[in-house]
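Number of protein chains: 2
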Amino acid sequence: MYGLTGYKPDEYFMRLALNEAHKAFDMGEVPIGAVLVMHEKIITRAHNQVELLKDSTAHAEILALTAAYNVLGAKYLPDATLYITLEPCLMCCGAMYWSKLGRIVYGAADEKNGYKKYTVQNPFHPKTEIIQGTLAEECAMLMKDFFRLRR
Amino acid sequence: MYGLTGYKPDEYFMRLALNEAHKAFDMGEVPIGAVLVMHEKIITRAHNQVELLKDSTAHAEILALTAAYNVLGAKYLPDATLYITLEPCLMCCGAMYWSKLGRIVYGAADEKNGYKKYTVQNPFHPKTEIIQGTLAEECAMLMKDFFRLRR
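Chains as they are written, first to last, in full-length UniProt numbering: chain W, 1 to 151; chain Z, 1 to 151.
Derived from the structure by calculation, the hints contain no laboratory data.
As the structure is a computational prediction, the values presented were derived from the model and not from experiment.
Please note: incorrect hints may appear among the correct ones.
Copies of the same chain look alike in the list, so a pair counts if it fits in one copy or across any two.
Unchecked claim - With a cut-off of at most 30 Å between alpha-carbon atoms, the simulated DSBU-like pairs for lysine-lysine come out as follows: (1) LYS8 x LYS54; (2) LYS100 x LYS75; (3) LYS112 x LYS41; (4) LYS144 x LYS127; (5) LYS127 x LYS116; (6) LYS23 x LYS112.
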C-alpha cells in the first residue's frame with residue numbers, strides 16, 4: 001500500500017503532517033501541521049496560518065477540524081484520526097474534545113504551550129485514543145530550526 | 001450614556017451578550033452569547049452556532065474572536081473586553097489565552113464543561129483580568145430553561 005515496504009500507517013500520515021509543517025515553515029509561520037484521516041483516506045490537511053490570517057485561532061488543528069466539519073457536514077468525528085506534529089495547546093485540545101475524534105496522534109511534546117502543562121485530568125473525550133511520540137524527533141527538530149533562525 | 005441611569009458598563013454589555021444568547025435559544029442552539037467591546041464600542045457580537053454550522057468549534061466566543069481579528073486585522077486584543085454569558089470551555093479558554101484579551105467578563109458558572117474543571121493553574125494570559133458572575137442568575141436561568149425544554 002502506498003508503494004512502501006514496511007508501511008506503518010501512523011508514520012506515513014505523520015510524515016504528511018510534517019510536510020504541512022514544512023509549508024508553514026516556508027511561510028514564516030510556526031511550523032506545525034495536521035492531517036485528518038478516515039479509513040486511511042485523507043479528508044483534510046492544514047498548517048498553522050496565524051500570521052497569514054492574523055487570527056490567533058488559526059492553528060493547524062483548528063483549520064483541519066473545521067475544514068473536515070465542512071467537508072463531511074458532521075460536527076463529530078468518531079471515525080477519524082488527527083495527526084499533528086506537536087502536542088496540542090489548550091484551545092486545540094478543547095476543540096478535539098468537542099470533535100469526539102477516534103484517535104489523536106501527535107509528534108513532539110510542547111512543554112511551553114502544550115495542554116499537559118495546564119490540565120489535571122484527561123481533557124479529551126473519554127473514547128478518544130491518544131498516541132504520542134510518532135516521529136517526535138523530526139517534528140521537534142523543525143520547531144527548533146524555526147526558532148533558532150529567529151533569534 | 002446609553003440613556004440609562006445608574007449605568008454599569010459590565011451589566012450593560014452582559015445584557016447584550018444575553019440578547020445574543022436568546023437568539024441562539026430561538027434557533028435551538030445551546031443559549032450562549034458573546035460581545036466583544038473596545039473603549040465602550042461593540043466590535044463584534046455572536047451566539048453559539050454549532051448546530052447551524054455543523055461545526056463543534058462554532059462557540060459564541062470563537063465566533064466573536066475570529067470576527068474581531070478579521071475586522072481589526074489584529075491577532076491580539078489587549079484593549080478589548082469579551083463578555084460571555086457562560087464560563088468558557090477549555091477550547092474557548094485556550095483561544096482567549098492566545099488573544100491576550102484585556103478583560104474577560106462572564107456570567108454563569110459551568111460545572112460540566114467550564115475550564116475550571118480541567119485546569120490546575122490560571123490558563124489565561126497573565127495580563128488578562130477575569131470577572132465572573134455578572135448577571136449570573138439570568139445567564140444560568142436561560143441555560144436551565146433550554147435543557148428543561150429538551151428533556
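Here's how the hints hold up against the structure:
{"no.": "1", "hint": "LYS8 x LYS54", "verdict": "neither (36 Å within a copy, 33 Å between copies)"}
{"no.": "2", "hint": "LYS100 x LYS75", "verdict": "both (9 Å within a copy, 28 Å between copies)"}
{"no.": "3", "hint": "LYS112 x LYS41", "verdict": "neither (32 Å within a copy, 34 Å between copies)"}
{"no.": "4", "hint": "LYS144 x LYS127", "verdict": "between (33 Å within a copy, 27 Å between copies)"}
{"no.": "5", "hint": "LYS127 x LYS116", "verdict": "both (18 Å within a copy, 21 Å between copies)"}
{"no.": "6", "hint": "LYS23 x LYS112", "verdict": "within (23 Å within a copy, 39 Å between copies)"}
Of the hints listed earlier, those the structure fails to meet are numbers 1, 3, in rising order.
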